[in-house]
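Chemist: Chain by chain, the residues run as shown.
2 protein chains.
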Amino acid sequence: MKTKAIFYHAGCPVCVAAERNVASALDPQRFELEVVHLGQEKGRVSEAERTGVKSVPALVLDNQAYHINFGASLDVLK
Amino acid sequence: MKTKAIFYHAGCPVCVAAERNVASALDPQRFELEVVHLGQEKGRVSEAERTGVKSVPALVLDNQAYHINFGASLDVLK
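These protein sequences, in sequence, are chains A and B.
When the first sequence is numbered by the numbering used here, its final residue is 78 and no position is left out of the sequence of numbers.
When the second sequence is numbered by the numbering used here, its final residue is 156 and no position is left out of the sequence of numbers.
None of these hints come from the bench; they were simulated from the model.
Model, not experiment: these values are computed from the prediction.
Heads up, some of the hints might be wrong.
[What the hints assert, rightly or not] So the derived list for chain B, only partly shown, Cβ under 7 Å to chain A, looks like this: (1) Ala-95; (2) Asn-99; (3) Leu-104; (4) Asp-105; (5) Val-138; (6) Leu-139; (7) Tyr-144; (8) His-145; (9) Ile-146; (10) Asn-147.
[What the hints assert, rightly or not] Derived pair list, reagent style DSSO-like, types lysine-lysine, alpha-carbon separation capped at 27 Å: (11) B/Lys-80 <-> B/Lys-132; (12) A/Lys-2 <-> A/Lys-54; (13) B/Lys-132 <-> A/Lys-54; (14) B/Lys-80 <-> A/Lys-4; (15) A/Lys-42 <-> A/Lys-4; (16) B/Lys-82 <-> B/Lys-120; (17) A/Lys-54 <-> A/Lys-42; (18) B/Lys-132 <-> B/Lys-120; (19) B/Lys-132 <-> B/Lys-82; (20) B/Lys-120 <-> A/Lys-2; (21) A/Lys-54 <-> A/Lys-4; (22) B/Lys-82 <-> A/Lys-2; (23) B/Lys-82 <-> A/Lys-4.
From the three backbone atoms N, C-alpha and C, an ideal C-beta is built for every residue, glycine too.
Required output: the full structure, derived from the provided sequences and hints.
Modeler: Written out as structure tokens, the structure is:
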């Protein structure tokens, strides 16, 4: 059975592009990935909070929340 | 060809156990994962810095650094 993985974000385009790299790098054999835009799906903020999400972007693996901070690449600013 | 993924950490046992979950969740078909304990391999700190790593644990995917902050589960403190 696949483990549920949820990637929560709030839409910042540069950040999302970068941080989705982490989510999309997960093994599809083992994880079922769902991507949730909390800005558009506000009803799911409380669900995210219950799992321990304090900020976005965050990746929840097996009910544990990992906050991902992308050290922005200068390349995206050029 | 597989993409290089490097997980840098510094040995905090609880954190490492949690954060390695992210590293080990990567798709092995696409990523070749290396785990580096910077406390034991100090010679690699400058390499990590050059990739943009500011703190550990961090995951470098395709030369981009992602800092992973695990919101510690209360379960591990019980």
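Chemist: Run the structure past the numbered hints and jot down the numbers of the failing ones, going up.
Modeler: The structure breaks hints 1, 5 and 20; every other hint is satisfied.
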